[in-house]
Amino acid sequence: MDSRGDWRRKVTDATGLPFSRIRALKRLVAGPMTLKDLADAMSTDAPAATVAINDLESRGLVERYPHPENRRAKLVSITAAGRGVIAATRRVVETTPPALQSLSATDIKTMQRILDKIAAHQESQAED
Numbered sequence: 110m111d112s113r114g115d116w117r118r119k120v121t122d123a124t125g126l127p128f129s130r131i132r133a134l135k136r137l138v139a140g141p142m143t144l145k146d147l148a149d150a151m152s153t154d155a156p157a158a159t160v161a162i163n164d165l166e167s168r169g170l171v172e173r174y175p176h177p178e179n180r181r182a183k184l185v186s187i188t189a190a191g192r193g194v195i196a197a198t199r200r201v202v203e204t205t206p207p208a209l210q211s212l213s214a215t216d217i218k219t220m221q222r223i224l225d226k227i228a229a230h231q232e233s234q235a236e237d
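Our numbering applies: residue 110 is where the sequence shown begins, and numbers increase by one.
Source of the hints: derived by calculation from the structure; they are not laboratory data.
Where is the CB? At the ideal position from N, CA and C, for every residue including glycine.
Do not take every clue at face value.
Okay, derived cross-link-like pairs now, DMTMM-like style, lysine to aspartate or glutamate, Cα gap no bigger than 25 angstroms in a straight line [claimed, not checked]:
#1 LYS119 with ASP164
#2 LYS183 with ASP146
#3 LYS183 with GLU172
#4 LYS218 with ASP146
#5 LYS119 with GLU166
#6 LYS183 with ASP164
Just the calculated beta-carbon pair ranges, DEER-fashion [to be verified]:
#7 GLU178 with HIS230: 21 to 31 angstroms
#8 LEU212 with PRO156: 19 to 29 angstroms
#9 ARG199 with ASP154: 22 to 32 angstroms
#10 ILE227 with GLU166: 24 to 34 angstroms
#11 ARG118 with THR219: 20 to 30 angstroms
#12 ALA208 with ASN179: 41 to 51 angstroms
#13 ALA208 with ASP154: 13 to 23 angstroms
#14 ILE227 with ALA123: 15 to 25 angstroms
#15 ASP149 with PHE128: 13 to 23 angstroms
Hey, can you work out the whole structure from these sequences and the hints?
Shown next, in the form of structure tokens:
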């Protein structure tokens, strides 16, 4: 089976983005966040989060807009193009473990769909 690092390289190759950018996008799937909240969610500092968001914004994958309750803060949200990148990461498959090799293509697609729903739910719960 591939290591987690191999899977990350496949995701990077498939999306053309550094994995740190993917991490930022994944955290924005549940909804808009301030840069500070995003930095905290990514376990990084604000300058690193700002660099990531600047890059993602220049690619049209996120957008920034004024926070409605705090004039000094900006909210960052994922765009439709950013959601497309996240969808592409979910299609990157790790090498199939022997225990799953007997499953049909339909079974694997069903399992992937279920796992995607679980992952999306967990991401939204992590943001609450």
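Comparing the hints with the structure gives:
Only pairs whose Cα atoms come within 25 angstroms are accepted, and LYS119 paired with ASP164 is accepted, the gap being roughly 20 angstroms. Our distance criterion of 25 angstroms between C-alpha atoms is met by LYS183 and ASP146, whose separation comes to about 11 angstroms. Restraint check for LYS183 and GLU172: the C-alpha separation of about 10 angstroms stays at or below 25 angstroms, so the hint holds. Restraint check for LYS218 and ASP146: not satisfied, since their Cα atoms lie roughly 34 angstroms apart, outside the 25 angstroms limit.
For the given pair, LYS119 sits about 23 angstroms from GLU166 by alpha-carbon distance, which is consistent with the 25 angstroms threshold. Distance check on the hinted pair: LYS183 and ASP164 sit about 16 angstroms apart at the alpha-carbon level, within 25 angstroms; holds. Taking 21 to 31 angstroms as the suggested C-beta distance range, the pair GLU178 and HIS230 conforms, at roughly 27 angstroms. Taking the beta carbon of each, LEU212 and PRO156 are about 45 angstroms apart, not inside 19 to 29 angstroms as hinted.
Look at ARG199 against ASP154: about 28 angstroms separates their beta carbons, and that is inside 22 to 32 angstroms. A beta carbon spacing of about 29 angstroms between ILE227 and GLU166 agrees with the range 24 to 34 angstroms that was offered as a hint. The hint said 20 to 30 angstroms for the Cβ distance between ARG118 and THR219, and at roughly 27 angstroms that hint holds. Taken as a hint, the range 41 to 51 angstroms holds for the pair ALA208 and ASN179, whose Cβ atoms sit roughly 50 angstroms apart.
For ALA208 and ASP154, the hinted distance range of 13 to 23 angstroms is not satisfied, since their beta carbons lie about 41 angstroms from each other. Taking the beta carbon of each, ILE227 and ALA123 are about 21 angstroms apart, inside 15 to 25 angstroms as hinted. Distance hint check for ASP149 and PHE128: the Cβ-Cβ separation is about 19 angstroms, which falls inside the suggested range of 13 to 23 angstroms.
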